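There are 2 protein chains.
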Amino acid sequence: MAKPGIPKGTRDFSPSEVAKRQYIIGAIKHHFESFGFQPIETPSFENSETLMGKYGEEGDRLIFKILNSGNFFFDKKGIELPQSLDGLLVNSAETISTEQLVDLNRFTSKISEKALRYDLTVPFARYVVQHQNDIEFPFKRYQIQPVWRADRPQKGRYREFFQCDADVVGSTSLWQEVELVQLYDAVFTTLGLNGATIKINNRKVLSGIAEVIGAKDKLIDFTVALDKLDKIGEDGVKKEMLEKGLTADAIDKVQPLFNFTGSIDEKLHKLSELLATSAEGTKGVEELRFICDNVAELGLGKSILDLDVTLARGLNYYTGAIFEVSAPKEVALGSIGGGGRYDDLTGIFGLKNMSGVGISFGLDRIYLVLEELGLFPETVTESTKVLFINFGEKEALYALKAIKQLREKGVKAELYPDNAKIGKQFTHADKRAIPFAVLTGDSEISTTTFTLKNLATGEQENVTLDVLLEKIR
Amino acid sequence: MAKPGIPKGTRDFSPSEVAKRQYIIGAIKHHFESFGFQPIETPSFENSETLMGKYGEEGDRLIFKILNSGNFFFDKKGIELPQSLDGLLVNSAETISTEQLVDLNRFTSKISEKALRYDLTVPFARYVVQHQNDIEFPFKRYQIQPVWRADRPQKGRYREFFQCDADVVGSTSLWQEVELVQLYDAVFTTLGLNGATIKINNRKVLSGIAEVIGAKDKLIDFTVALDKLDKIGEDGVKKEMLEKGLTADAIDKVQPLFNFTGSIDEKLHKLSELLATSAEGTKGVEELRFICDNVAELGLGKSILDLDVTLARGLNYYTGAIFEVSAPKEVALGSIGGGGRYDDLTGIFGLKNMSGVGISFGLDRIYLVLEELGLFPETVTESTKVLFINFGEKEALYALKAIKQLREKGVKAELYPDNAKIGKQFTHADKRAIPFAVLTGDSEISTTTFTLKNLATGEQENVTLDVLLEKIR
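Going line by line, the protein sequences match chains A and B. Reminder that position 405 of the first sequence reads as 405 in the working numbering, one-by-one numbering, no gaps. Reminder that position 337 of the second sequence reads as 337 in the working numbering, one-by-one numbering, no gaps.
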């Protein structure tokens, strides 16, 4: 029989991996809660109509759909496979016609009415609308749950992964943005991560730039090109802008953006000059100034705040602030978090005028960063502290009585279950990195003592239970 | 637009529900770990072949299958809907023929290769076999993750629910059973649950009984009938046994079981007499005696251990001990946990001779029990401790500086994000059950003090930050 496996893009987590993930999640939860966010959980699958059409065409394709269950596979009228698809060779998006795609989607919707959660934002919006009468606004919620995407798996990209989101809905106050920057910093500081850069931008600034250069209709083309500055350089970006139909004159106007360095204050100053004629752009600069000034007043721990006008993620939904967090430069691991302000979070479900702002932590990336920088405390993966060697029935019972007391005092203690050869039992302790062993024979039982062995040093001593507890703590 | 909803059988969890569930899970995790169990996590979906055929025909039907993703819906050769199913009226298991079912399953396997986890035991067995070279045996693992079943939803039965499992594989030692009873008791004792009954039985005892009454081939019929003693009484059970082909003589022999009361010792004594001629039955009695004697020696907290010969769950896989935990009698909520010993856990994946024993906690039921008995501590759902009233930009910044310090000291503190009417802000604190408010105006700022208001008593005083911290802790 071949060894069993798991679907591509999914993972098993071993005990030490779970412990490390829980360590990160623990830090995130702690700060989410100390900032007043409250946890909610939503089902792993939603009705398909809740998810479909919310993530664009590409997103729809990446949503995992669940077959209607059991023999209820077919609806009451029966279904037929559309003739256009019959016997069709379909193995990539390119070989299917639009008409066939429509047929396929219609067929799929008949045999599948539920789909796995693709992110936590749409389920959250659904939750807010569904439970709006029970929610006290502004509502600060956090959610740490897995999501699923039928992406082509590759290094660092999985088909099942956790999202850790904190969002506030029901207030347009910019103090939220200030606090979200603090929240990022609080988590990274707790995790010992030095020099994560919290980059901030504002959708209104990008719109303003497009406006002042007379390219309001080319906002996306413009920002997509600008976003590549790091990769393809100033000339490359300019070339792409020209190709996309921006005029040489327009590009001249944004010349300051190509060498956009200096302090946040200096950058804000340059931006306010550049955007002086755009009401929207000026508003964006004011928002950024409010956030950056107050973050500076309040101070950050181990993170850095920076203003990055090339930051243009989520332009199809973010309407105000845009956040992205870069891992410290010494690890080339890219983004470890992101977020922003969306003025109409719940409109898709019929509840208007509900502004939201939120951030997300990239658990898998943060894990890799901490691993690479050696920032996981050793204690994180520490499991059992002491193994009692099993010498037989009477001795085992004596051991378990002590183990019970140790556990009540918070010590992780175990009895080796079998009366195996002592060498085998010590090997077990060694392989599991258990630091102490206890031996209990007739002489220990008769004196109500224990022989404690430090497995690192080999040192051995006869002690009472109280002393034992003290020694191994 | 109609309010959006969620699929039947699934649930949203509100902040207070999440907090209460986390409270229970926290107690379970704490004791799992103090007993030396280590956490693993497996993917939400497995390859269909890993799950199918492992839970019987009924189980197969209840497994949620995932459609192959995107346009990769069809395999390279294209697929055809089997003619036998075309246009068929199929809406219950009864209206489909065996031949059609085979066709349907073949069709399903072409368009779906993955399925949602149905329990945690089969994925655990798969994990053990797949990672056998990295695992140090005996391996004590715990796993707390959701599972999905396409069951017809009803009160207390959901299509998505959490399982909380602890299992040991790689040792046949009965000390494991002893410790698992202790583990149940430790968790229930921590949760303040008085009088949960941990019922124990042994598969070998049931086999022995069937043997001594000459009905070895009727073990299942016999136990199914006996299991109904509570519901249909002695006469009912006897009637059913006769109907199932047991002889009157055989039924006479098990007469002691119909009034099987007394202490565990008395019950064991009766059983050993009844089973004297059966080697297997006698072995079962010895195992039960070992477990019960040692549990008694070690002592239990708030739970009761009882021997229940009618307990017959999981007879198609359990080979030794069988456990089931009943909620305290004053709440009619049935089973809150179960488990047992299975001698061949991993054989289905080709790894022989790997005995396992484990228990499971029923999170949803335990939740209902604690709710009904009022056992959730009030602090569990306590979120934000103090709300700072927002009087404007300058005051908000002053407040956030204090809030930052409070959070660093572990106090959950918030600023109301908007400079709204003060009444509205107090109402917000009230609706969220926040116990304290802080007011900061010019006079507070000029004296570096804070006006702390106890929202329960209405009491108000002007204090320094240190005193504030002391007062609200």
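Keep in mind the hints are simulated off the structure, nothing from the lab. Keep in mind that this is a model prediction, so the values were computed, not measured. All C-beta atoms, glycine included, are put in the ideal place defined by N, C-alpha and C. Any given hint might turn out to be false.
Claimed, not checked - Computed footprint of chain A on chain B, listed as stretches where at least three residues anywhere in the stretch have a Cβ under 8 Å from a Cβ of chain A:
1) 56-66
2) 130-143
3) 401-410
Stated by the list, open to error - With a cut-off of at most 27 Å between alpha-carbon atoms, the simulated DSS-like pairs for lysine-lysine come out as follows:
4) A:K302 x B:K394
5) B:K3 x B:K431
6) B:K352 x B:K54
7) B:K352 x A:K431
8) B:K394 x A:K54
9) B:K231 x A:K424
10) A:K394 x B:K283
11) B:K231 x B:K352
12) A:K401 x B:K302
Sort out whether K394 (chain B) lies within 27 Å of K302 (chain A), counting only the CA atoms. Answer holds: K302 (chain A) to K394 (chain B) is near 26 Å, not above 27 Å.
Quick one, are K231 (chain B) and K352 (chain B) close enough, alpha carbons at most 27 Å? 39 Å, violated
Counting residues of the stretch 56-66 of chain B that have a beta-carbon nearer than 8 Å to any beta-carbon of chain A, does the count reach 3? This one holds; 5 residues, not fewer than the three required, reach chain A with a Cβ under 8 Å.
Agreement of K394 (chain B) and K54 (chain A) with the hint, judged by alpha carbon distance not exceeding 27 Å: 40 Å, violated
For the pair we were handed, K3 (chain B) and K431 (chain B), check the Cα-Cα distance against 27 Å. 24 Å, holds
8 Å C-beta criterion, at least three residues: is the stretch 130-143 of chain B covered by chain A: holds (count 7)
Do the alpha carbons of K401 (chain A) and K302 (chain B) lie within 27 Å of each other, as the hint requires? 17 Å, holds
Within 8 Å of chain A (C-beta), three or more residues of the stretch 401-410 of chain B: holds (count 4)
Need the status of pair K352 (chain B), K54 (chain B): alpha-carbon distance at most 27 Å? 16 Å, holds
Distance restraint between K394 (chain A) and K283 (chain B), which requires alpha-carbon spacing of 27 Å or less: 20 Å, holds
For the pair supplied as a hint, K231 (chain B) and K424 (chain A), confirm whether the alpha-carbon distance does not exceed 27 Å. 50 Å, violated
Check the hint pairing K352 (chain B) with K431 (chain A) against an upper bound of 27 Å on the C-alpha distance. 23 Å, holds
Of the numbered hints given earlier, the model fails hints 8, 9, 11; all others are met.
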